[in-house]
Amino acid sequence: MRKFISLLAGAAIAFGVGATTVKAQEAGGFDDGMSTKFYESLKGKKVVFVPISIGMDIAAGFAAGMQRIADQYGFELQIRDPNWNIDQGVQAITQIISEHPDLVVIQNVDMQAYARVIKQAMDAGVRVLQVNVKATTNSTAHVGIDWYKNAETNALKLVEKCSPKNGGNGKIAVLQGTPNNPTNFIGMQAFNDVMKANPEMTVVSDQAADWDASKAHSVASTVVRQAPDLCGYFGLWDGQDSGLAAAIREAGLTGKVFVVSQGAGEKAACDKIADGSYDFYVSYNIRELSKHINDAMLVILQRPAEEALEPFAIYLTTQNLTKDTLGPSSCWTLDEIKRGY
Amino acid sequence: MTAGTDSVGGRRHAYFSQERIVLAIAAAMFVVFGVTLPGFLDPGNLLSLVQSVSILGILAIGMALTIIGRGIDLAIISTMAMSVAWVIFMLSNGTPLWQAVLLGYVFVVCIGLVIGFLVAYAEIPAIFATLAMTTAIYGFTRVAFVDIDLLFIPESAAWTRDFGAGYVFGIPIPVIAFALVALLAHLFLRYTKPGVFIRSMGDNPLKARIAGMPTRPMILLQYVMSSTIAFFAGLVLATLVGTMNTRVVNSTMVYDVILVVVLGGIVLSGGRGGVFNVIVGTLLIGIFLNGMTIMNVPYSIQNLIKGVILLVAIIIDTVLNPRDEQTSQQGDI
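As given, the protein sequences belong to chains U and C, one line each in that order. First residue of the first sequence: 1, per the working numbering; consecutive thereafter. First residue of the second sequence: 1, per the working numbering; consecutive thereafter.
Because the hints were derived from the structure by calculation, they are not lab data. Each residue gets a CB set at the ideal place from its N, CA and C atoms; glycine is no exception. Check the hints yourself; a few may be wrong.
[Unchecked claim] Chain C residues, not near chain U, derived (Cβ > 12 Å throughout):
| id | residue |
| --- | --- |
| 1 | G34 |
| 2 | V35 |
| 3 | F40 |
| 4 | G44 |
| 5 | Y105 |
| 6 | I124 |
| 7 | L184 |
| 8 | F188 |
| 9 | F197 |
| 10 | G212 |
| 11 | T215 |
| 12 | V236 |
| 13 | T243 |
| 14 | M244 |
| 15 | G307 |
[What the hints assert, rightly or not] Here chain C is said to cover these stretches of chain U; the calculated rule only asks that three of the stretch's residues, wherever they fall, bring their Cβ under 8 Å from a Cβ of chain C:
| id | region |
| --- | --- |
| 16 | 139-146 |
| 17 | 152-159 |
| 18 | 295-307 |
| 19 | 318-331 |
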């Protein structure tokens, strides 16, 4: 009997000690009333990211940012890369719906491609965070860029620099990418609106170059020869506009033709601003956009799965970069995002 | 050699070869633009006209070499983009230029050998082998070498820009590069034994083999050459614009290259045509694009006109060069 009691007491002590350790671990040292709840709501969750292509600088930046918080907060991040192929993207999302993860993050190729599957996912109760470009369907949340505002900023800058009212000759040229791409057509809408409001401006050339720097180079070198007194050039993406800038440099017009461009603000863009290729650059800094995406993810993952969430959005504030405003941290590299900014 | 007048693969028609028709169209377009468009005949504009299609022309010569030998290299853009992307990637990580270019070249030779092996020894039709290789090259390079798809030449190697963006005696270097590749390819096809072999193989592979020509090694050579030319085109392109965008692998650029080749009058079933055809095709596209840009014709209408020109060229080709039932085989285009 005594033996039994001592055994019982031993077990009780052991249990007690065990219980205390567990409690100490749970608290993680200190609980400010939210922190434990926060960590626990994230632990073991599953997030799937469908980029346009993981090799794309923007998508690689997003993935690096997400991976960092996934590692620190202990949730799982999977990446399904359709590599520019819309069919594969649709298939991947359909497959993901049946896996029912806690959140799927979708980088839209355009406004239509994934609209239907996003709706399917929402109907099936899978939470969807759209990034960069928004589909026509609303989902749990969207973190993106205001393409209209970016292009408008650039167009207004050209008016400021080139309008006859301000002493210019009003002659500008436009270089589109592919006309049906959302950055392109939303941007062109802004450009056309600005031109309508400023009829003193003349668009001497409006061509497209398929987002291809070498095509941009051919078009621009012809255009600047035709209109050597061109005042400004309106670009829509820095990857393409590097060809445009090269043509202007070849023609000896760097500094004379005012080039406006926009892009993700990767390190190479800052180099190009510094060497005078782009005179004015609207940067949708991916380092910052990636932070917003992570914040939206954390908010969504903390809400209980059964709670109905009203759709919300975060639109990025942009940076306007010129040679003079360029600082050491104006642009980003992929390594920086991986290391945590 | 000009289509129709050569002993190898000579056909009945002599005068209205497609090459001559296209040359006539190009000349007519040139005259019309010259008269109607102010500034078109300006020497600066004419140089930029040729410069803008030089890289396309260089690639088209590589493509033509394979098509003349009864093959096709759909992987040519992938080879160009990925090898040069790797070179730039190495430069950004501090590899010396000569070493990066040498490694890049070794890589493209390997690509050429693999394609050649698939076509010559595994006997996979070239169109399928190279189509599969397009994604294989892209995927392999992305996994093994380059983790980003848009590469900028680093500041430390900015001086290489003098290569593609430079001038010699007032002529842009891409134009000189195009002329050089065209000349070498012409000499190769006309005056070397392998050149004659490749033309014969293209005309009738079985007969060429019975005649004792080493057809399989020649196919290897053919793809190593097209890959080498692709690499060279890529280096010119990258140093011209300062970037290499590997997304061109997914673009329609390879069709533009085929357009130039077919437009110039090189028959897709092989054996006929030469470098001159490529030059004619390239010039036509150059004049067309330049005129359209000066006239500021919208993008989609340009594409439409380009498509119509290609269709017309193919229809003329089919009428003038009917399929040869004796030598055509499955897998031919």
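Structure-based check of each hint:
1. G34: holds (14 Å)
2. V35: Consistent with the label, C/V35 stays out of reach of chain U, its closest Cβ about 16 Å off (over 12 Å).
3. F40: violated (9 Å)
4. G44: C/G44 is in fact no farther than 12 Å from some Cβ atom of chain U, at 5 Å.
5. Y105: holds (21 Å)
6. I124: holds (23 Å)
7. L184: Its Cβ never comes within 12 Å of chain U, the nearest being 22 Å, so this holds.
8. F188: It holds; C/F188 is separated from chain U by about 26 Å at its closest Cβ, greater than 12 Å.
9. F197: Given that every Cβ of chain U is farther than 12 Å from that of C/F197, nearest at about 34 Å, it holds.
10. G212: The claim stands: C/G212 keeps its Cβ more than 12 Å from every Cβ of chain U (closest is about 44 Å).
11. T215: Fine: 36 Å to the nearest Cβ keeps C/T215 off the interface.
12. V236: violated (10 Å)
13. T243: violated (5 Å)
14. M244: C/M244 not clear of chain U: closest Cβ-Cβ about 9 Å, inside 12 Å.
15. G307: holds (15 Å)
16. 139-146: violated (count 0)
17. 152-159: violated (count 0)
18. 295-307: Since three or more residues must qualify, the claim that chain C covers the region 295-307 of chain U is violated, with 0 doing so at under 8 Å.
19. 318-331: Our answer is that it is violated, as 0 residues pass the Cβ test (under 8 Å) against chain C, missing three.
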